[in-house]
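Start from the sequences and build out the full structure, keeping to the hints where you can.
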Amino acid sequence: MNNANSKLIFINLIILLSVTFTMRASTNMLMTVVPVFSKYVLLANLIFVGLTATLYGIGALISNILINGRVNISKTPKMITLFLFIMTASIFAFIFTKNIYEVLVLSFITGSSMGVVQPLLMTVTNIISPPDKRDRYIAAYTASLSLSLIFGVLLQGYVISFLTIRYAFVIFFFISLASSILMLILSGKIKISSDNKKIGFREILSKASYSLKQGKVLFAMFGNISYAFPFILLLTYGSIMGREYYGINPDIFFYFLAVFFSISFASRMFLSLKTVKNRDIIMYASFILSIAGYAMLGLTDYIYVFIIGLIFLGIPHGTIYPISSYYIATSIDIKYLNIVYSVFTFIMDVIFFFIPFVFGLISDLYSVRMAIYATIFPMAALIIASIIFNVKSGTQSKGTATKL
Numbered sequence: 001m002n003n004a005n006s007k008l009i010f011i012n013l014i015i016l017l018s019v020t021f022t023m024r025a026s027t028n029m030l031m032t033v034v035p036v037f038s039k040y041v042l043l044a045n046l047i048f049v050g051l052t053a054t055l056y057g058i059g060a061l062i063s064n065i066l067i068n069g070r071v072n073i074s075k076t077p078k079m080i081t082l083f084l085f086i087m088t089a090s091i092f093a094f095i096f097t098k099n100i101y102e103v104l105v106l107s108f109i110t111g112s113s114m115g116v117v118q119p120l121l122m123t124v125t126n127i128i129s130p131p132d133k134r135d136r137y138i139a140a141y142t143a144s145l146s147l148s149l150i151f152g153v154l155l156q157g158y159v160i161s162f163l164t165i166r167y168a169f170v171i172f173f174f175i176s177l178a179s180s181i182l183m184l185i186l187s188g189k190i191k192i193s194s195d196n197k198k199i200g201f202r203e204i205l206s207k208a209s210y211s212l213k214q215g216k217v218l219f220a221m222f223g224n225i226s227y228a229f230p231f232i233l234l235l236t237y238g239s240i241m242g243r244e245y246y247g248i249n250p251d252i253f254f255y256f257l258a259v260f261f262s263i264s265f266a267s268r269m270f271l272s273l274k275t276v277k278n279r280d281i282i283m284y285a286s287f288i289l290s291i292a293g294y295a296m297l298g299l300t301d302y303i304y305v306f307i308i309g310l311i312f313l314g315i316p317h318g319t320i321y322p323i324s325s326y327y328i329a330t331s332i333d334i335k336y337l338n339i340v341y342s343v344f345t346f347i348m349d350v351i352f353f354f355i356p357f358v359f360g361l362i363s364d365l366y367s368v369r370m371a372i373y374a375t376i377f378p379m380a381a382l383i384i385a386s387i388i389f390n391v392k393s394g395t396q397s398k399g400t401a402t403k404l
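Using my numbering, the first residue of the sequence shown is number 1, and each one after it goes up by one.
Simulated from the structure, these hints should not be mistaken for laboratory data. Heads up, some of the hints might be wrong.
Claimed, not checked - Pairwise CB distance ranges (calculated): (1) L299 to T164: 32 to 38 Å; (2) A266 to I14: 19 to 25 Å; (3) I181 to A374: 42 to 48 Å.
What the hints assert, rightly or not - Computed cross-link-like contacts, SDA-like style, restricted to lysine to any residue with a CA-CA straight-line distance of at most 25 Å: (4) K274 to R134; (5) K277 to K75; (6) K274 to S18; (7) K78 to P130; (8) K98 to L235; (9) K274 to L17; (10) K78 to F96; (11) K392 to I281; (12) K392 to L289; (13) K392 to F357; (14) K78 to L184; (15) K189 to I175; (16) K75 to A89; (17) K78 to L17.
Glycine residues also receive a C-beta, built at the ideal position from the N, C-alpha and C atoms.
Below, the structure written as structure tokens:
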């Protein structure tokens, strides 16, 4: 690769990471501030608080079904730009919301936008990365996600401490606008060759089916889904739980969340800077920390145990997603990545649709702590299924190698 190409790839990567940083800071703000805004400004009950996250997930789910798999690889950057501007307009509308029903509608719209943007951004990351450095580029992309989350929650904590919750929407509107403009610039720089052939529904099913038959993909997918349980709890109900059980104001909780994301960022930076040979061992260790950290969040009323739980959960948040994404990216030809990532995101969206509502229902009937105890069992079952798929995949690979 000559110096000119290397420089172009580097510039594109920097712009892409900037888009990722500003986009994820904005979406995380929506996922953490909207529940607090709904609960303490609009005085909604916990079922409606959970419903904001559920409708966000439904919107993303619909986008995955109707849009993502059909996007031609050459049009991916422009499609991301369009939906980033839609998300920016939605954040602006949040500033003027007066009741929970308006919040629910906007949650659906922003979820629909992110259902397109996030999986397609991962596709663009794979497109611009040299094949021999793909795992590092994916890790750099996810490190940018974590860094944006640190920035986002620190800014949220500051805004809520010294201004009001509603001001968070004003500030993050400009951050989201910056993300949209940066993506507009990047979409003009990336040229992706394609046959411009329309992708039919039958082909989508065929490629998705092929990918889902691979043990490593199922290992990655089930492992990633299992982590959705503690992550959704922290984003949707963490600030409420902190206030109810530990006497922590939402602004202070956001600073605690910054510690969680800092550990995640450190984990992802490690993966981006170092060539990792045994990814499976890291995944297994991450599963153990996930279960331990999730259990600790609801274990006692001691705030130090809660903080240790956050620290434990920060490591798997930093490792599971990039390793899972790498396994999925290497499962199929690059021109079909939109399909594979759409299927992956589709399944995650179903989980994001289901968990917040169930969690909110159990919390409303009993308590947030009881909701943790009730959901830790399906989380553990998903982890066990993930490990079984991986072990079977390794056994089959050895059997094939022996025959050869």
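For each hint, the structure was consulted:
Taking 32 to 38 Å as the suggested C-beta distance range, the pair L299 and T164 conforms, at roughly 33 Å. Between A266 and I14 the Cβ separation comes to about 21 Å, which falls inside the hinted range of 19 to 25 Å. A C-beta distance of roughly 44 Å is found between I181 and A374, which places it inside the suggested range of 42 to 48 Å. Restraint check for K274 and R134: satisfied, since their Cα atoms lie roughly 12 Å apart, inside the 25 Å limit.
With a CA separation close to 34 Å, the supplied pair K277 and K75 exceeds the 25 Å bound. This hinted pair checks out: K274 and S18 have alpha carbons roughly 22 Å apart, not beyond 25 Å. Restraint check: the Cα-Cα separation between K78 and P130 comes to about 22 Å, which is no more than 25 Å; the hinted pair holds. Straight-line distance between C-alpha atoms of K98 and L235 comes to about 22 Å, which keeps the hinted pair within the 25 Å bound.
A C-alpha spacing of about 19 Å is found between K274 and L17, which places the hinted pair at or below 25 Å, so the restraint holds. Our distance criterion of 25 Å between C-alpha atoms is broken by K78 and F96, whose separation comes to about 29 Å. For the hint pairing K392 with I281, the CA-to-CA distance comes to about 16 Å; that is within 25 Å, so the pair holds. Distance hint between K392 and L289 is fulfilled; the C-alpha atoms sit about 23 Å from each other, no more than 25 Å.
Pair hint K392 plus F357 does not hold up; C-alpha atoms about 34 Å apart against a cutoff of 25 Å. Distance restraint check for K78 and L184: the Cα-Cα separation of roughly 7 Å lies within the 25 Å cut-off, and the hinted pair is therefore satisfied. As the CA atoms of K189 and I175 are separated by approximately 22 Å, the hinted pair is consistent with the 25 Å bound. Annotation: proposed proximity of K75 to A89 holds, straight-line Cα distance about 22 Å (limit 25 Å).
Between K78 and L17 the alpha-carbon distance is near 17 Å, which keeps this suggested pair within the 25 Å criterion.
Hints 5, 10 and 13 from the earlier list are contradicted by this structure; the remaining hints agree with it.
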